[in-house]
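Those protein sequence lines, which keep their order, are chains A and B.
Count the first sequence with this note's numbering and you get residues 7 to 500, in order.
Count the second sequence with this note's numbering and you get residues 7 to 500, in order.
Since the hints were derived computationally from the structure, they do not count as laboratory data.
It is possible that part of the hints are untrue.
If chains are identical, the list can't say which one is meant, so a pair holds when it fits in one copy or spans any two.
Computed cross-link-like contacts, SDA-like style, restricted to lysine to any residue with a CA-CA straight-line distance of at most 20 Å [as the list claims (entries may be wrong)]: (1) Lys121 x Ile374; (2) Lys121 x Gly193; (3) Lys14 x Ala44; (4) Lys91 x Ala43; (5) Lys48 x Glu458; (6) Lys48 x Ala28; (7) Lys48 x Ser24; (8) Lys48 x Gln342; (9) Lys14 x Val406; (10) Lys48 x Leu280; (11) Lys48 x Asp277; (12) Lys203 x Val348; (13) Lys91 x Arg18; (14) Lys14 x Ala47; (15) Lys493 x Pro395; (16) Lys48 x Lys203; (17) Lys107 x Ala399; (18) Lys493 x Asp277; (19) Lys107 x Ser344; (20) Lys188 x Lys493; (21) Lys48 x Ala226; (22) Lys443 x Glu110.
Number of protein chains: 2
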Amino acid sequence: MAALDELKDYVREITEISLAAALAAWDQRTHMPPGGAAARAKVAGRLERLAFERRVSDRMGELLAAAEREGAPAEVDRALIRVWKRDHTRHRAIPPALYQKFVETTTRAESVWEKAKAASDFALFRPHLAEVVDLVREIANLIGYKESPYDALVEEYEPGLTASALRPILGELRRELVAFLKELERGTHPRELPGGKFPLDAQRALCRQALGWIGYDFQAGRLDDAVHPFTIGVAPGDVRVTNRYREEDPFSSLFGALHEGGHALYGQGVDPALAWTGLAGGASFGIHESQARFWENQIGRSRPFWQFAHPHLAQHFPTLASTDPDDVWRHVNRVQASLIRVEADEVTYNLHICLRFELEVDMVEGRIAVDDLPARWNQAMEDYLGIAPPDDAHGVLQDVHWSAGMIGYFPSYTLGNLYAAQITETAEREIPRFWDKVEAGQFSPIREWLREVVHRHGQVYLPDELVRRITGDGLSAEPFLNYVRAKYGEVCRL
Amino acid sequence: MAALDELKDYVREITEISLAAALAAWDQRTHMPPGGAAARAKVAGRLERLAFERRVSDRMGELLAAAEREGAPAEVDRALIRVWKRDHTRHRAIPPALYQKFVETTTRAESVWEKAKAASDFALFRPHLAEVVDLVREIANLIGYKESPYDALVEEYEPGLTASALRPILGELRRELVAFLKELERGTHPRELPGGKFPLDAQRALCRQALGWIGYDFQAGRLDDAVHPFTIGVAPGDVRVTNRYREEDPFSSLFGALHEGGHALYGQGVDPALAWTGLAGGASFGIHESQARFWENQIGRSRPFWQFAHPHLAQHFPTLASTDPDDVWRHVNRVQASLIRVEADEVTYNLHICLRFELEVDMVEGRIAVDDLPARWNQAMEDYLGIAPPDDAHGVLQDVHWSAGMIGYFPSYTLGNLYAAQITETAEREIPRFWDKVEAGQFSPIREWLREVVHRHGQVYLPDELVRRITGDGLSAEPFLNYVRAKYGEVCRL
């Protein structure tokens with residue numbers, strides 16, 4: 007085991023440096039005063055570089071080869087070799103000069119994108135996006151793929167997934183959701199709840215309470231304010247949540263807390279033996295998202311949940327005491343085709359993702375030019391959601407991802423929704439009286455079950471393996487479609 | 007300048023890593039949840055090691071030698087070479103195995119010291135302290151010195167200072183303070199102020215306001231709670247202050263804020279050109295302490311300051327509105343011989359330090375054995391302060407420093423007091439109507455003067471050089487003695 011032990015020491019060093027970088031990132035987005043920004047970029051860049059140099063080093067290549075030759079009988083050790091080899095191989099494939107060009111181009115593209123979005127000026131962004139797409143295609147070719155250059159990209163976020171595996175699933179999802187959305191239009195839409203101001207401190211208190219309900223461990227984490235909510239593990243035993251609050255809406259912060267709390271339970275639930283191995287993250291972006299969506303939507307937007315949570319809501323916000331649990335449940339499940347992805351409801355959200363997936367595959371495979379994006383975007387919005395963006399700021403320019411070179415990332419969001427529905431379907435079978443427990447606020451058996459089947463494994467299994475172990479089945483849109491049909495049929499009294 | 011530029015790049019890397027470590031230390035003492043502690047020690051240790059390896063590396067030695075051969079015409083570049091060469095030489099002198107033994111021994115000694123202090127059991131601590139003293143003497147011999155092994159140790163904190171330079175100054179200080187304390191006993195001692203509870207949030211608000219008065223820049227720092235107050239620069243442009251609050255006493259937090267604020271103004275005032283050079287710290291521990299003592303004592307405990315600050319105090323704490331500014335001024339300047347250094351007043355504080363200095367020099371020079379410490383300690387307390395510790399917990403066991411191997415550190419506290427008085431004497435001459443400004447709350451000309459003469463220079467000058475540049479004179483006890491005689495004569499109506 008000499009080679010494996012040496013590899014583990016090296017991996018530990020990289021992980022320690024990466025956690026220092028995670029702390030710097032957390033601080034930057036929560037507590038850092040403005041005067042620290044310029045220097046923080048240098049410090050974060052240095053830590054990033056120290057870790058990156060080791061990940062792609064000759065020494066890493068040698069240690070991996072030696073450990074493979076030696077053979078690792080334990081499953082976790084084989085996973086460690088698999089994860090670090092994939093990382094090493096992918097990043098070694100990109101020559102440093104090209105990677106540097108990619109960083110510079112995306113940094114510039116992102117800042118131009120901000121201006122272009124503000125001015126709704128696609129022409130301004132177009133040449134930068136074209137450059138990014140060219141670079142991403144070059145990188146995909148260097149990394150290599152069997153069928154589509156898109157596969158080399160999506161692999162970064164969802165190991166093992168391919169465009170050809172995704173296409174039929176997202177195609178089915180799109181067709182069914184478009185049809186279901188038309189059905190829903192004939193339903194009864196929920197009434198508005200009393201408005202007004204919902205004090206931020208009461209919102210913070212409710213969110214803290216909700217994190218407690220689902221079993222977030224405040225001894226191994228903390229909750230802070232941030233402009234864009236995120237969850238980050240800064241150490242084994244220290245997984246931090248952030249949230250934002252808007253005075254006119256007490257629900258967005260509550261669902262934000264449940265969403266981030268879901269991510270955090272994953273981090274807090276990983277087997278401590280995986281600390282410092284690089285396997286303490288999630289199996290994939292999609293699986294991680296599923297844990298957030300599980301608590302946010304499957305539980306938090308369920309009818310039983312609001313039977314339990316309503317009195318607490320009313321206690322924090324007395325103006326809502328006149329509502330009943332079903333009023334709130336219907337309110338938080340309103341469906342409305344809209345232009346902006348991040349504001350979309352559960353039914354329409356995935357249509358925004360299908361659209362992006364189709365466009366980015368076509369871009370990467372060279373079937374459409376960047377010039378054609380706005381027209382294609384607007385046509386798809388019309389076709390899928392029946393609405394047309396009034397301008398590109400509300401259309402093709404709305405997301406940061408492409409400017410940042412994150413092509414292949416969007417499917418993770420929908421994968422999270424689909425996995426969450428698959429996992430819930432299994433939980434309903436395996437956890438006795440599942441929904442009674444939710445209605446009684448007894449979340450700990452549910453969390454413990456998730457810990458057992460998902461969290462503790464960290465990155466030991468590939469996402470497909472993990473989902474099959476849990477549900478007996480691979481990725482599928484069926485459970486999600488059944489779920490939205492049943493719930494929204496009821497919400498809208500079809 | 008090729009060699010110098012290479013050295014600067016290397017120094018920049020070390021500084022970036024060290025600032026990541028500073029952030030980890032700040033977070034550990036302010037926001038980290040308990041679950042993060044074990045992993046944080048690993049991350050901090052790794053960063054420490056990455057920086058240390060570079061500081062003592064062959065490459066550092068070569069870069070320093072090449073830069074010296076090349077010659078550096080600029081004063082700051084010569085300072086950079088001086089500071090890093092001193093660091094390199096001192097740390098290279100200690101073989102890694104010995105250093106490891108030192109870290110292990112002091113870690114063990116510190117944890118035994120905690121128990122020994124709690125049980126007031128010197129016998130328990132004795133063998134561990136003896137081990138530490140032996141190691142420290144061995145290290146001093148390896149580092150080398152001209153006159154006394156103590157010189158090799160104090161150099162770490164106050165570059166250029168020696169036992170033989172300190173001995174007459176601290177000797178004079180001791181004799182004069184012992185005599186003055188006897189005089190004060192014949193004076194009138196101030197009456198107690200109204201007691202009660204002083205809400206923590208009002209204390210926090212007053213401290214924040216006080217930091218604002220002296221010009222602490224909240225855009226380039228922040229104020230947080232901590233168990234032991236400290237100030238730390240986590241980046242150029244990000245110098246953070248912490249403070250603690252006790253409900254029964256509104257003054258200890260206020261003076262804590264002024265003290266830490268003084269340290270922070272130093273950090274915030276360093277010339278931005280010194281960022282990443284390793285010269286952005288203070289000229290020495292003593293000079294840094296002088297900036298804290300300046301705002302805490304010279305300004306914050308002055309009569310004019312309370313003419314200005316009293317209405318603000320009364321606003322935050324209505325029960326104090328019945329007092330007048332002089333009542334408060336007298337209250338915060340009570341003198342009383344006492345057993346515990348950290349609770350001592352301005353007059354008696356330095357006697358605690360003189361005692362420790364004499365004992366640690368004698369230990370390091372081999373003139374007294376660890377066994378003899380308690381008796382020597384108690385005799386000196388009797389001689390200098392006229393009181394005898396009832397047990398060793400209130401005597402020789404009270405401080406952590408020796409257990410941690412920090413022999414040579416104690417003088418920094420008194421140096422801070424002496425330098426602060428020397429600097430104040432100069433400021434009174436150079437800043438027109440100095441005390442009128444204090445009474446009017448016009449602190450910015452004072453801060454700007456300090457920035458000009460002290461802060462901006464960072465570590466470019468040795469402490470002795472810096473003090474001579476500012477005051478025209480080297481380290482001296484005279485200004486401090488004049489200051490305490492004048493102020494406390496008035497406070498106690500001699």
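| Violated constraints from the hint list, given by number and in increasing order | Checked against the structure, the hints that fail are numbers 1, 2, 4, 5, 8, 9, 12, 15, 16, 17, 18, 19 and 22, while the rest are satisfied.
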